[in-house]
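Given the coordinates of chain A, assemble chains B and C onto it according to the supplied hints.
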Amino acid sequence: MFGQLIVSGLAVGACYALLALAMVIIYKTSEVLNFAQGEMAMISTFIAFTLLDTYQVPFPYALAITFLFAIVLAIFFEMVFLRQAKDPTVLGLIIITLGFEMVLMGFVGWKWGPDQRALPFPVSNIEAYTFYGLIISKINFWTLIVSLVLMLILFLFFRYTKLGIAMRATQQNQLAARVMGIRTKWIFSFTWAISSMVGAVAGMLIAAMGVLDPPMMMDPLLKGFASGVLGGMTSLPGAAVGGALLGVIENLFGGYVSLSFKSVVAFAIIVLMLCIKPSGLLAKHYVKKV
Amino acid sequence: MMKKNLIWVGLLVFTFFIAATASAQAVRGVTDTEILIGQWGPQTGPAAPWGAVARGTDLLVKMINDQGGIHGRKFKYFLRDDSYMPAKTKAIAKEFVEQIGVFAVVGGVGVATGMTARDYLMENKVPWGGPVTGVYEWIHPIQKYLFAVYPLYDDEAFNMTGYLHEKLGFKKIAMFYQNDDYGKQGVMGVERYLLKHKIKLVEKVSAEVTDRDLSTHALKLKNSGAEAVIMWTNPTGAALILGESAKIGFKPQWATSSTLSDSALMMQITRGLWGGMITSFFGELPDSNHPLMVKYREAHKKFAPQERWGVFYYAGIIFAEPFFEGVRRAGRNLTTESWVKAMETIKDFQGIGPPITYAGIKDRQGGKHVFYGKVRPDGSIERITDWIRITK
Amino acid sequence: MAIRGVSLEVQERQIVSILGSNGAGKTTILKTIMGLLEDQPDKGTIEFIGKRIDGKDAEDIVHLGISYVPEGREVFPELSVEENLKMGAYTRKDRKGVKEDHERVITHFPILFQRKDQWAGTLSGGEQQMLAIGRALMARPKLLMLDEPSLGLSPILVKEIFGIVKTINGEGTTILLVEQNAKMALKISDYAFVLESGRIVAANVPNVLLEDEDVKEFYLGIRSEESAKGYQRWKRKKRWR
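Chains as they are written, first to last, in numbering that gives the first Met the number 0: chain A, 0 to 289; chain B, 0 to 391; chain C, 0 to 240.
Just chain A, with the same shape it has in the complex (with noise of 0.2 Å):
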């Protein structure tokens, strides 16, 4: 029962990852926390829905179309509410994300309606594999997979190429940045299309891994908030480590201690961590020297 606690928990919190991913990758840039997330990887997820159920697209193209859709998604979002903001403060940033989530929840409520749904996938969610007689499904195994590479193109993107590294630099200091000749403006949108394709990713796990609905990126999205908290908010690394052990640990102490008592683990450990470690576990951070 260990091994298996262990190998189902890494493949929710791979999905808790992805999510805290894309809460990092908009939050290490402008401190803002994006509660929009869930619900914009949801209509994203909705999109595929539309495509490979109704319309009866193969699913590479499903996939390119819902990218393509998730990254306009996010720039509207960025540049029409945002941006216009005016005097914005992290906080009223914040709201304005809360209120997009309150609006994308509405308008799929009444584009899709309410019933759940299946998204058809490649992967199949019953069959599984096993190893030395622990069983992961295909669709955790695969979902394990895309996860790993996806952050790890994230970590180069980010490390190594010059749009990555200029992400960071505006991130750090935008007067700067703007003076070296980055176009900050160009870069908060494009923060906001990462975020918002990885968050689509996790959407489509999930709702492959589950159900979809509505409703479907609530649970996921306070978890990965709890993964991001757990791990530092502002490291992709960090979401990665806190995304894996967050899934990890609800599942022990679901298979150990209680059950009833396991979604509470992720409210517990955001509490536990702002109060302990707020910079979380692998956030490394520079103190300014005066």
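I should point out that these hints are in silico values taken from the structure, not numbers from a laboratory.
Please note that the accuracy of each hint is not assured.
Distance condition first, Cα-Cα at most 20 Å in a straight line; then the derived DMTMM-like pairs of lysine to aspartate or glutamate [stated by the list, open to error]:
hint	chain 1	residue 1	chain 2	residue 2
1	A	184	C	81
2	B	93	B	118
3	A	161	C	195
4	C	85	C	59
5	A	184	C	56
6	A	161	C	99
7	B	250	A	30
8	A	184	C	100
9	B	367	B	347
10	A	85	A	126
11	B	124	B	362
12	B	373	B	202
13	A	161	C	77
14	C	92	C	58
15	B	294	B	336
16	B	183	B	202
17	C	98	C	116
18	C	92	C	81
19	A	110	B	118
20	A	110	B	306
21	A	161	C	59
22	B	166	B	179
23	A	161	C	93
24	A	184	C	102
25	B	219	B	202
26	B	170	B	226
27	A	161	C	37
28	B	124	B	97
29	A	161	C	58
30	A	184	C	58
31	B	87	B	65
32	A	276	A	30
33	A	161	C	102
34	A	161	C	81
35	A	85	C	99
Covered by chain A, per the in silico footprint, the following chain B stretches (three or more residues, Cβ under 8 Å) [said to hold, decoys possible]:
hint	stretch
36	84-94
37	136-142
38	246-259
39	322-333
Using N, Cα and C, we set each Cβ at its ideal position, and we do this for glycine too.
Here is chains B and C on its own, set in the frame of chain A:
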């Protein structure tokens, strides 16, 4: 001066008199040509699939109005979205009574939501027919103006456990439920039966409504060695637990309550895992040849073709039928009291739901029967019993 | 800080200084040129090599060949020294040229090479200043604007940095320098403007400015003598204003 005052007092008394006689004659929400009724139901939020019930009632209202109403009065139906949030429900109940002035409330999804409105409605003597949940809250203590329709979850679970144990011979039974009033009343029934027959419940696993990761839950159920699992949960929870169980190769006999009897929906969202499920039903099957069902399906095509003909949708008809029967029996002189009297005369009235009986002033539980069905691999339902009385 | 009626010209290949006390409007001038201020000036024009650049975005101005080293260094604290330099060449596409400039920066500031993998935030103040200048040079600017490069540095470091600025100028980069440390600035400048309360109060070659006792004492804070006449001059300045 004195004279002037007297005129004022006279005027005041006169107005009071007029007002008093007027209110004695008029019944709130009832005019010569119209009867106002209301229902709340989640049209948005996590419980939104159940909101179809409230739209189903709308179909029945349209049908009745299309046939000229009842005793010369047509119905005006107010549907309000409470998003399954009790605070909103209470506000809606107030709006119904104080602003719109409805004659009655029909249906209404949810226990916690309905409970915030129950006492308020009863104090204001607002008739309430057919809350869309089968819990004791509606009938204990007896509320004069509240007539329940939905068979009790507790009795339903009790009886279903008996069916699994006695008819199908399962010894190791486990329970999976949603951690709220609905789920707990299911557990109550299952445990009551097992205790009576001195059998141990091998495992009892609960999940929160919002939980999206039920892998640990499935693992616990598997490790219990259960042969049959009864579940009392919402559609999402059911789909998730079936999926997770299938992933780890756990294949017990599943059984569930009538709230999940929309097998077309369940089949689709579980990607076929719903096959083999034993479900209780409180209403005719969607493709039933029952003459009323045929009639309702035609009305559905005519008035609301955009809606899916699912169980939740036409359940909105089932819960409202007895209310309209009461209005019919009360005659042209419709008042709150005459409606209550009329409701109390209902015996073995059957629409497309269970036979409804209100046995006098001590009985407000109308639906006392369910029947069982087994889901075929293609998603259609094989009816395996006739209506079974579950509430003694 | 508002600036009014400021008219200044920087000749190619020169080092031009803007001097003046705190709050005189020196930084505002640089930021205006750079297009960093939200509200561009209502009146007047800014021209660079014959092209009007007022109203343009900072991003475009960098591309035209103006680099700006902001006051307080403003390095990217959590990027490595190397990455900071890389950002300096953000707008450039010519890899070969970037490589040349990188080498040039390293020759001027060998310390940056030694620290290349360190976070810029962990550098000392002087090293950060060198990094800031090096980063600006990576854009291969025609005009390099330095805002208070001596701020918070020890006299030896200030001397070193000004020396390097002079060398850079010698290699053909025009320099516009904003300084409070007038003495140092005048030593390397070809021309200087003295700014007070948003107005230019004096402009000339360093030698002339240094001969004007009033300018020297009241605007440049350079005292040549322990003077008893100081009080009188103070009054005179008051009147003059």
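Results for each hint:
The suggested pairing of residue 184 of chain A with residue 81 of chain C is violated, with an alpha-carbon distance near 24 Å, which exceeds 20 Å. For the proposed pair residue 93 of chain B and residue 118 of chain B, the alpha carbon gap of about 12 Å is at most 20 Å, so the pair holds. Between residue 161 of chain A and residue 195 of chain C the CA atoms are separated by roughly 41 Å; this puts the pair beyond 20 Å, and the hint is violated. The suggested pairing of residue 85 of chain C with residue 59 of chain C holds, with an alpha-carbon distance near 18 Å, which does not exceed 20 Å.
Only pairs whose Cα atoms come within 20 Å are accepted, and residue 184 of chain A paired with residue 56 of chain C is accepted, the gap being roughly 11 Å. Annotation: proposed proximity of residue 161 of chain A to residue 99 of chain C holds, straight-line Cα distance about 18 Å (limit 20 Å). Taking the CA atoms of residue 250 of chain B and residue 30 of chain A, the gap is near 47 Å; set against the 20 Å cutoff, the hint is violated. The straight-line distance between the Cα atoms of residue 184 of chain A and residue 100 of chain C is roughly 28 Å, outside the 20 Å bound, and the hint therefore fails.
With a CA separation close to 10 Å, the supplied pair residue 367 of chain B and residue 347 of chain B stays within the 20 Å bound. For the hint linking residue 85 of chain A to residue 126 of chain A, the alpha-carbon distance of about 52 Å lies beyond 20 Å, and the restraint is violated. The straight-line distance between the Cα atoms of residue 124 of chain B and residue 362 of chain B is roughly 18 Å, inside the 20 Å bound, and the hint therefore holds. This hinted pair does not check out: residue 373 of chain B and residue 202 of chain B have alpha carbons roughly 23 Å apart, beyond 20 Å.
Restraint check for residue 161 of chain A and residue 77 of chain C: the C-alpha separation of about 15 Å stays at or below 20 Å, so the hint holds. Proposed proximity of residue 92 of chain C and residue 58 of chain C is supported: the alpha carbons are some 15 Å apart, at most 20 Å. About 31 Å separates the Cα atoms of residue 294 of chain B and residue 336 of chain B, which puts this hinted pair outside 20 Å; it is violated. Our distance criterion of 20 Å between C-alpha atoms is met by residue 183 of chain B and residue 202 of chain B, whose separation comes to about 14 Å.
With a C-alpha separation of about 17 Å, the suggested pair residue 98 of chain C and residue 116 of chain C falls inside the 20 Å cut-off, and the hint holds. In summary, the hint linking residue 92 of chain C to residue 81 of chain C is supported, as the alpha carbons are separated by about 18 Å, within the 20 Å threshold. Distance restraint check for residue 110 of chain A and residue 118 of chain B: the Cα-Cα separation of roughly 36 Å exceeds the 20 Å cut-off, and the hinted pair is therefore not satisfied. Between residue 110 of chain A and residue 306 of chain B the alpha-carbon distance is near 13 Å, which keeps this suggested pair within the 20 Å criterion.
Our distance criterion of 20 Å between C-alpha atoms is met by residue 161 of chain A and residue 59 of chain C, whose separation comes to about 18 Å. Pair hint residue 166 of chain B plus residue 179 of chain B does not hold up; C-alpha atoms about 29 Å apart against a cutoff of 20 Å. Only pairs whose Cα atoms come within 20 Å are accepted, and residue 161 of chain A paired with residue 93 of chain C is accepted, the gap being roughly 14 Å. Taken as a hint, the residue 184 of chain A and residue 102 of chain C pair is broken in the structure, with Cα atoms around 31 Å apart against an allowance of 20 Å.
Our distance criterion of 20 Å between C-alpha atoms is met by residue 219 of chain B and residue 202 of chain B, whose separation comes to about 8 Å. Between residue 170 of chain B and residue 226 of chain B, the direct Cα distance comes to roughly 7 Å. Compliance with the 20 Å bound is thereby established for this hinted pair. Restraint check for residue 161 of chain A and residue 37 of chain C: the C-alpha separation of about 27 Å exceeds 20 Å, so the hint is violated. Among the hinted pairs, residue 124 of chain B with residue 97 of chain B is consistent with the structure: their alpha-carbon atoms are about 13 Å apart, no more than 20 Å.
A threshold of 20 Å between alpha carbons decides the hint, and for residue 161 of chain A with residue 58 of chain C the separation of about 16 Å falls inside it, so the pair holds. A hinted pair counts as satisfied when its Cα atoms are at most 20 Å apart, and residue 184 of chain A with residue 58 of chain C qualifies at roughly 11 Å. Proximity of residue 87 of chain B to residue 65 of chain B is assessed by CA-CA distance (about 32 Å); at most 20 Å being required, the pair is judged violated. Note on residue 276 of chain A and residue 30 of chain A: the hinted pairing holds, with a Cα-Cα distance of about 18 Å set against a maximum of 20 Å.
Restraint check for residue 161 of chain A and residue 102 of chain C: satisfied, since their Cα atoms lie roughly 19 Å apart, inside the 20 Å limit. Of the pairs offered as hints, the one joining residue 161 of chain A and residue 81 of chain C holds, with about 12 Å between alpha carbons and a cut-off of 20 Å not exceeded. Proposed proximity of residue 85 of chain A and residue 99 of chain C is contradicted: the alpha carbons are some 44 Å apart, above 20 Å. Requiring three or more residues with a Cβ within less than 8 Å of a Cβ of chain A, the coverage given for the stretch 84-94 of chain B is violated, as only 0 such residues are present.
Check on the stretch 136-142 of chain B: 0 of its residues sit with their Cβ under 8 Å from a Cβ of chain A, so the three-residue criterion for coverage is violated. Chain A is given as covering the stretch 246-259 of chain B, and this holds because 3 residues of the stretch bring a CB closer than 8 Å to a CB of that chain, at least three being needed. For the stretch 322-333 of chain B, the stated coverage by chain A is violated: 0 residues have a C-beta nearer than 8 Å to a C-beta of that chain, whereas at least 3 were required.
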